[in-house]
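Enquirer: So the chains spell out like this:
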Amino acid sequence: MYRYSPIKFISLAGVALVMALLCGLFSGASDIPLSKIWGVFSLKALDIDHQILQLIRLPRVLLAALAGACLASCGAVMQGLFRNPLADPSLIGVSSGASVGASCVIFFGGASVIGSGIGLPAITVGAFVGGLLATSIVYRLATSVTGTSVATMLLAGIAITALSGAITSLFSFFADNEMLRRISLWQMGNLDGADWPRALSMGLVAIPLILVLPREGQALNAMLLGESEARHLGVDVETMKRRLILLTALGVGVAVAVSGVVAFVGLIVPHLVRLIIGPDHRYLIPGSAILGAVLLLLADTAARTLMSPAELPTGVITALLGAPFFVGLLLQQRMRMVG
Amino acid sequence: MLESRQLSLSIAGFKLLQGVDLQVRPGEVTAIIGPNGAGKTSLMRLLCGEIKPSSGEVIFGGLSLDQWQPKQLARMLGVLPQDSALNFPFTAGEVVMMGRIPHATGLAKDIEIVDAALALVGGSYLDKRPYTQMSGGEKQRVQLARVLAQIWEPDARGDRVLILDEPTSAFDLAHQQLSLDIVKSFVRQGVGVLLVVHDLNLAASCADQLVMLSCGRLVAQGAPEHVLSVDLIERVFNVTASIGVHPRTGSPMVIV
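Protein chains in written order, with this note's numbering: chain C, 1 to 339; chain A, 1001 to 1256.
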């Protein structure tokens, strides 16, 4: 099996990230020449182009990059923790719990809240609380005196996801047209509410997370051997599981809160990176973070520009691009194994 | 030295082990034998700290098992499980390298040990191959190399112990012989080895001490020629056997 050198891959992905950032900054409904790039850094916005860059595009590209990095690195950690290459942050109920929280705010808040300035922050907080609640329920269900059972946690996650789905459907059923549209837009995953407060809160969570998670790489590698094997290698398995479940719930919860349910990034990116550089978590986690940022940035840029001035939901693009790509990779891998 | 004192384990009211006293001495092979369900695996899991006893205790190097720092313990106590559920495409070299996780000896040294351990189990050719595409025997050898790399060198804090659960189950005759020779070479370095095996002849040929379990109790303990008697085998396994002598090594042989 051919593998690409991790260092080379991470540097290439880093270059791609810079290019994707520039591409995101300079494409959109209004044409801005590349020469205005310094306006991003100037303290005083000189003209309308600079204002667009500073107040609209920069927070948006940063939010996309940070949310993508956060989702992808949390996905890589989850797959290691559950020893399952198909695990996904949504498995432990974060995404669906967040959906309930958000639709609850939309439903009970009604037009008065949604239309006003506190609408988006309120939905964000609702999503975050919902996600954290769902995760803690799943975690409690799976934890007994003998420790946290990963298998029970997966099953509990499926149950909570089904329950949350039903509750969200109930909200949609009784919602009026405007609410219904809001709920489904949010569920499709959308970055159109990007502003500095959101980008900053995402950054406050994502950046420490991306720096801390790779340190658990070695222990996660040992976890892939099996839980007792990891314990025999001196890994404090229970504490590590608790810490990582909390960290990923926080990361995914905040990402979902600010950007809606963006499908596929947490699943597909770590999988892709593993195919390229192998399963070593010390490189897999940072590699996934960078590639996740690139992917979500490009998807979001496409969402903004394809039908400009209208915008498509970002989550729709990630799923539309991601699913066939993923299938192609699987087919290629199968061919290589046969041949 | 690894020893158990009056070790008992009950789960949901079932007494799986009762009052087991046993010692795994440095430089010796101790083999746990007994019929299915006698408590061999439970005893092994208690001895390596995977589960906690209902009463009694496990002493390692003079300290109770849970008084050890997990990392320090891992440098001295290696455990090879019967089969491993690894289903990610790590290469053999990467899997063996995981045996060096508890150590901080530097990458150059680790690579040296990993290469030597792979060579020892006859698996150098597997180095760059993904684990998921290996045969059962190859996987077992890579796992053995990983555990050997974990306790490769003497530790200043005390004697090393190796616990092996059915280490030869996936091996053909040649690799069975090879793995037992490897175990013996570690024993000569002063490592205490605990084997869990089904095959009585295998146990008799390589163990200095046999520990026979039956229904959660220790029923016999001592040198193979003392433990393996027609009487005891009849009582514990419900099988009438003859005891012979291995023509070359002189160790007892159970013939059914």
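Calculated directly from the structure, the hints in this document are not laboratory data.
Model, not experiment: these values are computed from the prediction.
Keep in mind that the hints are not guaranteed to be accurate.
[What the hints assert, rightly or not] Estimated spans, in silico, between C-beta atoms of each pair:
hint: 1; chain 1: A; residue 1: V1245; chain 2: C; residue 2: L330; range: 34 to 40 Å
hint: 2; chain 1: A; residue 1: M1001; chain 2: C; residue 2: T152; range: 48 to 54 Å
hint: 3; chain 1: C; residue 1: F326; chain 2: A; residue 2: L1063; range: 27 to 33 Å
hint: 4; chain 1: A; residue 1: P1026; chain 2: C; residue 2: L86; range: 55 to 61 Å
hint: 5; chain 1: C; residue 1: M335; chain 2: A; residue 2: L1107; range: 34 to 40 Å
hint: 6; chain 1: C; residue 1: K8; chain 2: A; residue 2: G1158; range: 41 to 47 Å
[Said to hold, decoys possible] Residues from chain A that face chain C, not an exhaustive set, calculated with beta carbons under 7 Å:
hint: 7; residue: G1093
hint: 8; residue: Y1125
hint: 9; residue: F1186
Heads up, the beta-carbon is just placed ideally off N, CA and C, and yes, glycines get one too.
Enquirer: Tell me the numbers of any earlier hints that the structure contravenes, in ascending order.
Expert: 1, 2, 3, 4, 7, 8, 9
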